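Student: Work out the full structure, taking the sequences as your base and the hints as a guide.
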Amino acid sequence: MKKHFCILIFLLLLVSVLDILFGSSRLTWQELKEGLFLNQSDSAVNFVIWKYRIPKLITAMLAGAGLAVSGLLMQTLFRNPLAGPYVLGISSGAAFGVSFVMLGTSFLPQYVANFLRHDVGISMAALSGTFFVMLLMIWVAGRVGGNFTILIMGLIIGQILGALQGLTNFLANPETLKEFVLWGLGSFTQTNNFQNLIMLFAVFLSLFVAIVYSGKLNTYLLGDLYAKSLGIDLRSFRRVVIIITCIAAGIITAFCGPIAFVGLAVPHLARHLFKTYKHSMLLPASALLGAILTVVCDLISHVFIEGYIIPINVISAIFGGPVVVWVIVKQRAKMYEG
Amino acid sequence: MKDKHVLKIENLVWGYDAKGLVNQPVSIEVSTPSFILLLGANGTGKSTLLKTIGAVLRPVKGALFFNGESIEKYKKRGGFVSFVFAQRPQVDFMKVSDLVLSGLYLHQNPFLKISPEQMQRYDFAVKVTRIEHLQHHFVNKISDGEFQKVMIARALVQDTPLILLDEPTAFIDYRSKRELFSLLAEISRQENKIIIASTHDPDLAQEKGEDFWLIKDHTLHQLNHTNLAYKKLKEELM
Chain A
1 MKKHFCILIF LLLLVSVLDI LFGSSRLTWQ ELKEGLFLNQ SDSAVNFVIW KYRIPKLITA
61 MLAGAGLAVS GLLMQTLFRN PLAGPYVLGI SSGAAFGVSF VMLGTSFLPQ YVANFLRHDV
121 GISMAALSGT FFVMLLMIWV AGRVGGNFTI LIMGLIIGQI LGALQGLTNF LANPETLKEF
181 VLWGLGSFTQ TNNFQNLIML FAVFLSLFVA IVYSGKLNTY LLGDLYAKSL GIDLRSFRRV
241 VIIITCIAAG IITAFCGPIA FVGLAVPHLA RHLFKTYKHS MLLPASALLG AILTVVCDLI
301 SHVFIEGYII PINVISAIFG GPVVVWVIVK QRAKMYEG
Chain S
339 MKDKHVLKIE NLVWGYDAKG LVNQPVSIEV STPSFILLLG ANGTGKSTLL KTIGAVLRPV
399 KGALFFNGES IEKYKKRGGF VSFVFAQRPQ VDFMKVSDLV LSGLYLHQNP FLKISPEQMQ
459 RYDFAVKVTR IEHLQHHFVN KISDGEFQKV MIARALVQDT PLILLDEPTA FIDYRSKREL
519 FSLLAEISRQ ENKIIIASTH DPDLAQEKGE DFWLIKDHTL HQLNHTNLAY KKLKEELM
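Residue numbers (the working numbering), protein chains in the order written: chain A, 1 to 338; chain S, 339 to 576.
Among the clues, some could well be false.
[What the hints assert, rightly or not] In silico BS3-like cross-links for lysine-lysine, where the CA-CA straight-line distance does not exceed 30 Å:
#1 S:Lys465 with S:Lys451
#2 S:Lys342 with A:Lys228
#3 S:Lys451 with A:Lys3
#4 A:Lys228 with S:Lys554
#5 A:Lys330 with S:Lys479
FYI, nobody ran anything at the bench for these hints, they're computed from the structure.
Values in this document were obtained by computation on a predicted structure and should not be read as measured data.
Tutor: Printed below as a string of structure tokens:
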């Protein structure tokens with residue numbers, strides 16, 4: 001197991017260096033070394049590395065790690081392999097917030113609308129959307145008994161918000177609509193250092209709480225009855241899991257857009273590579289694998305067409321999907337032979 | 339001298355709605371050692387009673403006390419009651435050994451290792467339930483009968499004064515069934531436990547049981563070998 005983790009950390013470092021080297025323009029080793037370790041704040045290379053590529057790299061890592069952890073938590077909470085970070089309606093909440101601000105503010109005076117449509121305004125809108133959904137889901141979880149009901153409520157809330165978002169889309173003009181569609185495809189380039197810091201805090205907070213809860217999460221997998229019979233207070237347990245998932249996935253979505261696929265696929269990848277159900281192992285494994293996957297996707301997104309950045313959601317499913325399918329099919333086949 | 343444990347049921351009505359599943363509130367006191375078989379047709383509330391005793395469900399009316407303390411207040415429930423439910427959990431990549439040890443959750447911080455005493459207990463449990471050869475198999479790949487034995491081993495490892503089993507032998511072959519019931523009876527005596535098991539099997543109940551709770555016509559009848567009613571019970575079960 002330790003060997004597995006060492007390999008993952010090494011891989012993460014490797015893809016990170018590659019990600020910095022292969023940006024929109026390629027750097028040489030020499031440039032990388034100078035840019036990273038010599039303090040020439042006036043050089044262009046230094047500027048590109050520190051102001052542009054490293055923040056983007058950190059955003060990608062944090063988004064991947066946080067979404068993978070959130071996805072794992074949701075798969076455990078609902079004991080359902082199809083669950084992902086967005087089953088609670090977090091992405092719909094964020095999308096509705098953003099669509100409302102981008103598309104629904106045209107009636108406001110120009111300077112107010114421009115202010116709201118600025119990056120910070122968009123992030124704030126997404127954040128308000130996700131936190132609205134989070135509060136709603138916590139309220140639901142405190143009221144209904146079964147986790148299946150919570151899952152259905154999450155889906156329904158998502159549908160309602162999706163419909164409202166459809167309404168704003170319908171009323172919007174084509175240009176802002178395209179802008180909104182692009183937001184929905186995800187991006188790691190819109191974040192600043194302050195946002196990275198908030199993401200860092202959110203991701204580590206959820207990871208830390210989840211690891212403290214790992215014993216309960218393992219027990220919870222045996223079913224509500226066994227969990228209850230061991231004295232787990234299901235309502236407060238579910239509430240904590242929902243809160244930490246919403247904080248991590250919500251903040252990531254607010255800053256990077258809804259990043260699909262990672263949160264659904266990576267926990268499965270972690271389970272099949274580590275062959276375990278234990279959360280003390282799966283949580284750090286998912287975080288590392290998620291980070292590796294998003295950095296690789298980021299790398300792919302700008303090496304293909306020079307000067308263009310392909311949206312991250314396009315890359316993650318097209319390139320990540322087959323890899324994950326291959327690993328799981330291979331491991332399953334092995335499991336049933338042996 | 340081992341500690342004496344007492345389960346006290348006071349004016350208990352159980353069920354899922356205000357009406358409950360019994361006509362009259364039930365009051366019973368059980369002390370260690372006891373091996374009780376819970377009998378009754380489907381839908382009479384056997385499982386519900388077990389879940390209520392184990393504080394997984396709230397009683398409709400009345401109260402339950404274990405050693406004088408209300409069981410709802412027992413925060414560390416896993417330390418006084420272990421359960422074998424009828425449902426089979428499905429967890430990918432969980433090994434039989436993991437499942438057998440999963441009852442220790444509350445005695446054990448997730449980052450701590452299992453103590454030598456607990457390991458001894460584990461060895462004992464897998465030996466008496468005859469699942470030694472399954473230890474390294476995945477839980478999802480063993481048969482239903484094997485699975486029930488694993489869950490019984492889990493309850494033994496948890497080593498609680500009160501053990502509740504809901505249809506623990508539904509999928510088990512007849513020979514193993516008889517062995518398991520003898521084993522449970524023996525454990526209740528030797529290790530000073532209260533064991534309550536529900537079963538559908540009249541032959542087995544007649545052969546291995548000593549104390550019975552029979553739920554019939556919304557009433558709980560308490561019977562044992564010395565009761566006159568016992569003969570009637572036998573007739574009813576056959």
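Student: Check whether the Cα positions of lysine 451 (chain S) and lysine 3 (chain A) lie no farther apart than 30 Å.
Tutor: Roughly 20 Å between the alpha carbons, so the hint for lysine 451 (chain S) and lysine 3 (chain A) holds.
Student: Keeping to a limit of 30 Å between CA atoms, is the pair of lysine 465 (chain S) and lysine 451 (chain S) held or broken?
Tutor: 22 Å, holds
Student: With the threshold set at 30 Å, check whether the alpha-carbon distance from lysine 342 (chain S) to lysine 228 (chain A) stays at or below it.
Tutor: 26 Å, holds
Student: Quickly compare the C-alpha distance for lysine 330 (chain A) and lysine 479 (chain S) to 30 Å and report which way the hint goes.
Tutor: Between lysine 330 (chain A) and lysine 479 (chain S) the Cα gap is close to 18 Å, so the pair holds against 30 Å.
Student: Tell me if the straight-line CA distance from lysine 228 (chain A) to lysine 554 (chain S) falls inside 30 Å.
Tutor: 28 Å, holds
Hint compliance for this structure: every hint is met.
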